[in-house]
Amino acid sequence: MRLASILLLSMTLTASFVLPAQAKHGDGESDVRQYMLDNGLKILVKEDHRAPVVVSQIWYKVGSSYEYNGITGVSHVLEHMMFKGTKTLGPNEFSKIIAANGGRENAFTGKDYTAYFQTLHKDRLEVSMRLEADRMHNLSLRQEDFEKEVNVVKEERRLRTEDKPTSLTYEQFIATAFQTSPYHHPVIGWMDDLDSMVLEDLQHWYERWYSPSNATLVIVGDVKADDVYRMAKKYFGPIPNVKITPVKPQRETKQRGERRIKVRAQAEVPYLLMGYKVPVLTTAKDTNEVYALEVMAGILDGGNSARLSKEVVRSKQLAVSAGAGYNMYDRIDNLFLFDGRPSTGHTIDELEKEFRDQVQRLHTTLATQDELDRIKAQVVASKIYELDSVFYQGMQIGTLETVGLNYKQLDEYVNRIRSVTPEQVQAVAKKYLIEEGLTVAILDPANAKPAAAEKTSGADHAK
Amino acid sequence: MRNKYLVLLSLLLISSVSFAGPKIEQWQTKNGAKVFYVNAPELPIVDLRIVFDAGSARDADKPGLAALTNSLLDEGTGELSADQVAEQFEGVGAVFSASSLRDMAVVSIRSLSEKVILDKALNLFRDVVATPTFPEASFERNRKAMLVGLQVASQRPNSIASKEYYKQVFADHPYAIDGSGTEESLTTVKRQDVVDYHQRYYVANNATIAIVGAVSRAEAEALAEQVTSRLKKGEAAPKLAKVKPLTASVTKRIQHKSQQTHILVGQPGMHRGDPDYITLYVGNHVLGGSGLVSRLSDQVREQRGLAYSAYSYFSPMREDGPFTMGLQTKNSQADDALALLNKIIKDFVDNGPTEDELKRSKQNITGGFALRVDSNKKIVEYIAMIGFYGLPLDYLDTFNARVEAVTVDKVKDAFKRRIHPDKLVTVMVGGK
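Chains A and B, in that order, are what the protein sequence lines are. In terms of our numbering, the first sequence opens at residue 15 and continues consecutively. In terms of our numbering, the second sequence opens at residue 6 and continues consecutively.
Keep in mind that the hints were calculated from the coordinates and are not lab data. Keep in mind it's a predicted model, so treat the numbers as computed, not measured. Treat the hints with care, since some could be wrong.
To be verified - Pairwise CB distance ranges (calculated):
hint	chain 1	residue 1	chain 2	residue 2	range
1	A	Glu-61	B	Gln-368	22 to 30 Å
2	B	Glu-230	A	Thr-378	27 to 35 Å
3	A	Glu-107	B	Ala-65	34 to 42 Å
4	A	Asp-241	B	Asp-427	25 to 33 Å
5	A	Ser-227	B	Gln-368	50 to 58 Å
6	A	Lys-367	B	Pro-140	21 to 29 Å
7	B	Ser-102	A	Gln-193	39 to 47 Å
8	A	Asn-420	B	Lys-244	17 to 25 Å
By construction, the Cβ of each residue, glycine as well, lies at the ideal position given by its N, Cα and C atoms.
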């Protein structure tokens, strides 16, 4: 949970929009209707009639993990440029039309997807479909717009990464953990690549990936599925399909020992990140392992009663914050993460040792039934809570489809989690939480004030 | 022709007037807490929150005390330890949260509505809120964690800017206090301060309860009694002082080793229930409150590529909260960006929005009304706000009609009276 802020860094948005809590748990029973147009566009509709609103999301299978060195960040810059007009619309006109129709809209780019969304009164769905269909194949990429927008993106990078010590650490950490996997580079791109990006890079990227057969339209809200299908057919149906050449696998080369880095940055407080290479749902040979990893994340950080809060923060007081996290819905192998900030009077080394001890305990000792029961109770409840947000429901469906899974796998979630045993958790710990898969990054603060920290804790006892 | 048009127009107005928000019911608990309730039977969930007038505006000479108290509620109650509290909430899948703002201390819970589960969750919630034990060890830990929090904030140009901004805008008013505390106050604060603060402010007469979920009115009444039964009756917090307007412009530049300079510009703005509320809200929507299509975003980002985000907003509170404009840009562009920001606000105060801009903003606000209340979570936040600030229960029902009634002249008039480009606070935090 505490990792959320860090995990969100791997996703970047056009405006200041904050996503709801990390996609962690599956969705309710599958009342999703699926359609396919002749040109390959997949349409997924989930009716939800609680409020007269609808969310429309179009998901493209392209993101930073489709990029290679020299053009990093191109998916995200293109996402920005998608608001700059088409053959028939001027710059920013897309947003103006949505706004005048009472809508809210934005877009986000991640490692594995680029997605655009509008939330509207249900009567205005057609406006969003007309506009999204238009920019799927009529985008106008103009030099003068690009020059300004790439500067906006560089400011975004300064805001989110350059001036944020923990983000800088995370970026370097990921680039160290992954050498040949495209998860190596940041979603927003390296500054040097942004500096040398040209309009042709975007044109090429747009032509290569923006095609009906590389997209999924997800609609959730107060609509009738068949009406949505007819409307989608009208607007998206005429768009010619461009044949997509699949991205190369670019699998990560085998890691042969622990990796460690230090990141020196303008900061006051140290910060620790540890990550172990793990499979995800798309790559696991045995998917039980993935659910066991998910339960393991819950044992460590599934709330205030979980081990890291209870032991590391409250009992031993080694850290002011400590988290663990895993995202089973990534497209390719990723990391099982630990992160934390030591508390006053304790060091990064102590915190690292504690995380390693926690890992060791997972190797040697079975989780208790109480722990598993609490995780299951939380999973069952959050399934229901998720239904309170149409946007979130759309996010889940879109994510799964876009990374190469099926939205129906959301339905399995609760039962698969329920069936995980303590032995399975132990087995994945032994198999994946090992030195050969470990990367450690330490933020080394340039402005640390050990004397001040000393003084503070000394004063406590004096008074 | 003309008549026809008028008929159409009045039809439009009627349809927006009749756009009702959720039906809010209101009553008081036996010991004096105000309750606001909306029945939402669609999902088997109950959201309940209690808002106390116990935010950092009540910190007085101990900045951080409100936040510290709030953060310690679930550290133990009765015989239960922090671990047991967490285990019991999470064991039934209930989500407890607590947060502290300038006006409000918020405690909330989301639970499944199934009787056995809900009962367990709310009994614990009741005890956590009314009879926390504030163990000495927890007090020490959270106090120290807040000190580390101050260090972390000092790494962030936006945090540095925001603290300085409130200090300058609110001077000796309690809103100048930053709820995260100061090194001095967090070094000297005592556990007894927390105990006293809780005794004084976490009381029924100082509480507003909001309930949304799959429970009937009768059940909701019982729940409200249940969660307040152990609260002392107590007294409402005293009225806050009025916020004084600025008398002159102030500019503060703070050096920080960052690539960007964060700029905040503003002054005291308006309060909840302010007669100019809707007019200023709609006007600001044009100026900088509508994301990518606002005038500020258009001028700063779209036209010039100077910043990722450029915005303005009013933060209406019990008393006048701030009116704030902001952006961040690389250091070498900071002065140009500030000049542009000042030009935009001056022009807006002098000339107001164009008819077209105002029309578009009104369309966005009224057309998007349904999005404001499309989830239980949003509804519970709204009714807690309405209840806490004593706004009329038809606040949401009349919202669209009040927006429709705003004109260019009204916006111009309100901005002229309320916003003074010659008396603004400017804070810049960044490098050279």
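How the hints compare with the structure:
1. Glu-61/A / Gln-368/B: 22 to 30 Å: At roughly 27 Å between Cβ atoms, Gln-368/B and Glu-61/A fall inside 22 to 30 Å, so the hint holds.
2. Glu-230/B / Thr-378/A: 27 to 35 Å: 49 Å, violated
3. Glu-107/A / Ala-65/B: 34 to 42 Å: 52 Å, violated
4. Asp-241/A / Asp-427/B: 25 to 33 Å: 55 Å, violated
5. Ser-227/A / Gln-368/B: 50 to 58 Å: 36 Å, violated
6. Lys-367/A / Pro-140/B: 21 to 29 Å: 27 Å, holds
7. Ser-102/B / Gln-193/A: 39 to 47 Å: With a Cβ separation near 40 Å, Ser-102/B and Gln-193/A satisfy 39 to 47 Å, so the hint holds.
8. Asn-420/A / Lys-244/B: 17 to 25 Å: 59 Å, violated
This entry does not satisfy hints 2, 3, 4, 5, 8, going by the numbered hints stated previously.
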